[in-house]
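Engineer: So the chains spell out like this:
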Amino acid sequence: MKKFWALFFWFWPLVALYVCLIAPGNNWWFPSKPLSTMGHQIDGLFYLILIIVTVTFVGTEFALGYALWMGATKEPGRRAWFSHGSHKLEVVWTIVPAFVLVFISLTQLDVLADIRVLARFPESVKEAPVAEVMARQFEWRIRYPKPGTELMTSPQPGDLYFVNEVHVPATVPTMINLRTQDVQHAFFVPRLRVKQDAVPGLIIPVWFEIEEAGEYELLCAELCGWGHYKMKARIIADSPEGVSAYLTRLEREQNEDGVQEAETASVK
Amino acid sequence: MVGAVIQSGRVLYMRHCSHCHGTAGDGNGPTAQYLYPRPRDYRHGVFKFTSTNDMSKVSREDLLRVLRYGIPGTYMPSFLLMKDEELTAIVEYVRFLSMRGEFERKLVNELASDYSEEAVESRLKDEQRADIVGELAKFLAEDVPGVVDGIGAELEESWVAADSDEAKIVPSVPRVPDSEESRRRGRELYLSKTLNCADCHGIDGAGNGPQTVAFEKNPITNVPYDEPGLHDVWDNLNQPRNLHTGIFRGGRRPIDLFCRIHAGIKGSRMPSFKNTPHEDIWHIVNYVLSIPFEPEPGATGVASAPAAPATEAAAPAAGE
Ligand SMILES: [Cu+2]
Numbered sequence: 050m051k052k053f054w055a056l057f058f059w060f061w062p063l064v065a066l067y068v069c070l071i072a073p074g075n076n077w078w079f080p081s082k083p084l085s086t087m088g089h090q091i092d093g094l095f096y097l098i099l100i101i102v103t104v105t106f107v108g109t110e111f112a113l114g115y116a117l118w119m120g121a122t123k124e125p126g127r128r129a130w131f132s133h134g135s136h137k138l139e140v141v142w143t144i145v146p147a148f149v150l151v152f153i154s155l156t157q158l159d160v161l162a163d164i165r166v167l168a169r170f171p172e173s174v175k176e177a178p179v180a181e182v183m184a185r186q187f188e189w190r191i192r193y194p195k196p197g198t199e200l201m202t203s204p205q206p207g208d209l210y211f212v213n214e215v216h217v218p219a220t221v222p223t224m225i226n227l228r229t230q231d232v233q234h235a236f237f238v239p240r241l242r243v244k245q246d247a248v249p250g251l252i253i254p255v256w257f258e259i260e261e262a263g264e265y266e267l268l269c270a271e272l273c274g275w276g277h278y279k280m281k282a283r284i285i286a287d288s289p290e291g292v293s294a295y296l297t298r299l300e301r302e303q304n305e306d307g308v309q310e311a312e313t314a315s316v317k
Numbered sequence: 002m003v004g005a006v007i008q009s010g011r012v013l014y015m016r017h018c019s020h021c022h023g024t025a026g027d028g029n030g031p032t033a034q035y036l037y038p039r040p041r042d043y044r045h046g047v048f049k050f051t052s053t054n055d056m057s058k059v060s061r062e063d064l065l066r067v068l069r070y071g072i073p074g075t076y077m078p079s080f081l082l083m084k085d086e087e088l089t090a091i092v093e094y095v096r097f098l099s100m101r102g103e104f105e106r107k108l109v110n111e112l113a114s115d116y117s118e119e120a121v122e123s124r125l126k127d128e129q130r131a132d133i134v135g136e137l138a139k140f141l142a143e144d145v146p147g148v149v150d151g152i153g154a155e156l157e158e159s160w161v162a163a164d165s166d167e168a169k170i171v172p173s174v175p176r177v178p179d180s181e182e183s184r185r186r187g188r189e190l191y192l193s194k195t196l197n198c199a200d201c202h203g204i205d206g207a208g209n210g211p212q213t214v215a216f217e218k219n220p221i222t223n224v225p226y227d228e229p230g231l232h233d234v235w236d237n238l239n240q241p242r243n244l245h246t247g248i249f250r251g252g253r254r255p256i257d258l259f260c261r262i263h264a265g266i267k268g269s270r271m272p273s274f275k276n277t278p279h280e281d282i283w284h285i286v287n288y289v290l291s292i293p294f295e296p297e298p299g300a301t302g303v304a305s306a307p308a309a310p311a312t313e314a315a316a317p318a319a320g321e
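Chains as they are written, first to last, in this note's numbering: chain A, 50 to 317; chain B, 2 to 321.
Hints were generated in silico from the structure; no laboratory data involved.
Among the clues, some could well be false.
To be verified - The list that follows gives simulated cross-link-like pairs (lysine-lysine, DSS-like), each with its CA atoms no further than 30 Å apart: (1) A:K281 x B:K84; (2) B:K218 x A:K82; (3) A:K51 x A:K175.
Said to hold, decoys possible - Cβ-to-Cβ under 8 Å is the rule here; a few derived chain B residues that face chain A: (4) T32; (5) A33; (6) G71; (7) S79; (8) V171.
Yeah, the Cβ is synthetic: ideal placement off N, Cα and C, and Gly gets one too.
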C-alpha cells in the first residue's frame, strides 16, 4: 500500500506530460488558432510558459514520488535525513525560480511593448484610429469618424454611430480607441488574443491585424456589474473596400430624412 | 399554431427583459428600482419613440428598432446580436403584454366608477348592499360582455392601424439642407412664443427651463408631487432633455428628430408640434443637431434680438 502512493504520484506527471504534448496540436487551450499577427507571439509566450510549468510540475511530482518510494522501501533501522534548515537548498530553490521568472519577464517584454507602447505601433495606424469603442453598462457603443475625416477624441458633426458591432479592415493593421463611460470594462476578442482593460478617464489605443475576414466575438472581460455576462458584441473584419462601403451605407442611413426612403419604397 | 410566436417570445422575454420590465410588463422587475428613467411599463400601451402620428400606437418596426439599437443614455440595452426571428417574437410578446395591460386597465376603469371600494362605501350611505350586489351581477351578466367586446375591438383597431401607412409620419418636404441660416431660423422657432421649447429645455437647451422648477399635481389624485418638475403618464419625474449631450434616445437620424418634434414623445411631457409647418420642423432639427457642437451654450445667433420667452412659470408655481 505504501508503494501505491509513490506510484500514484508518479502516474499523474506522466498523464500531465502526455496532455501537454498533445494539447497544442488539438487546440485544447484556445478557442481557435490565433487570427491576428500578434496572436501568434502571444500563443508562443503561452506555450513557453506551458513548457516551463510542465517541466516543473513533472519534476516536483517525480521528486515527491521518489521521497514516497524511498519511505516505502526503507529498511528498518535506517534513519531519516532532515533537510530542514539547509542553507544550500534554500539558496538553490530561491535562485532557480528567480532566474526562471526573470527569464520570462525579459522574454515577454518585446511582445508587451508591441502591444502596449504607442511608439512601437505600426506606422500606418499610429495616428489613425478607425473607431472609438465606448464601453458602458452593458453594451458597446461605437463611433466612427465621418468618412474622409479623422477620429477626434470628442464627437464631431458627421460622426457615425452604431452599437454592438464594429467593422474593421482585415489583413491590415488597425487601431481603435478604447474608452468607458462608467466603470472598468475590458475589450476581449478571444480569437484575436486581444484583451485590454478600459479604464474610466483614459483613452486607450488598441491595435491588431486580423488575418482572416470574418466575424469575431467581442466580450467584456472585466466583471462590471450584474449585466456583465451579456456585454457582448461582434467585430466584422472585412476588406478595406468592404469597410468603406459599410461606412458609406451607415452614413446614408444616419442621414435619412424619411422622404427619399418613402420614394424608393414606392418605386419597389 | 397561432400562438407559437408569442410563446417563444414569452420565453425570450422572461430571460432577457423581465428583470427590468417585470413579468407582467409593469416595468417593475427586480432591477427596475435602481434605474432612471424607469423601464417602460407597457400596460398603458404607450411607447415614447415611435415613427407614428401623435395619436397612433407604436408600430412593430419601431419596437424592433428599439430592441436592435437600445435607448442610448438609458439602461435599455441593445439586443442587436439576437436573431431576427427571436426579435420579432419578442416584439409580438411586448405587444401582447401592452394590449393585455391596456385591456385590463380599461375594464377596471369601466367598473371603478360604480363598484370600487370607495364608490361602494359612499353608495352604502343611501343604498342597500344587496341592491348594489344585485345591480353588479346584472351589470356583469348583461353589459360586461359587450364592454369586453368593445374594448377588444377598440384595441384591435388601434394596434392594427399603427402598422399602416397612414399612421407613419412622412415629412411633406425633404430635409432642409443644414446651414447657418437654417439653424438660426431653427433657434428663432425654438425661442418663439408659439413653440416655446425654451419653457422646458431652457434658453440654451440645457434642459433647465422654468417648467423644471414648477411644482405639479398628480392629474388623477390631485396631490402635489414631492419634487418639482414635469411628470409623465407613468407618474415619474420627466426631465426635459439637456440638448447638449449629443445623445438622442429615440435615434439621431434627422427623421427620428422630425418624428420626436412632430409627434412629441408619447407618454412624456415632450408635446407634439404637428401643426408646425414641416419646413420649420426641419429648421428646428438642424438647430437641435447643431446644439452639441456650439462653441458655447446659446451661441447660435438669431436675426432679431433673442427675447427671453415670456412665461408665467418663471417663479416656482403650481403646474397646469
Ligand atoms: Cu463590462
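Engineer: Please go over all the hints and tell whether each is borne out by the structure.
Structural biologist: Checked hints:
1. A:K281 x B:K84: holds, 14 Å
2. B:K218 x A:K82: violated, 64 Å
3. A:K51 x A:K175: violated, 64 Å
4. T32: holds, 7 Å
5. A33: violated, 13 Å
6. G71: Given a least distance of 6 Å, the restraint on G71 of chain B holds.
7. S79: holds, 4 Å
8. V171: holds, 5 Å
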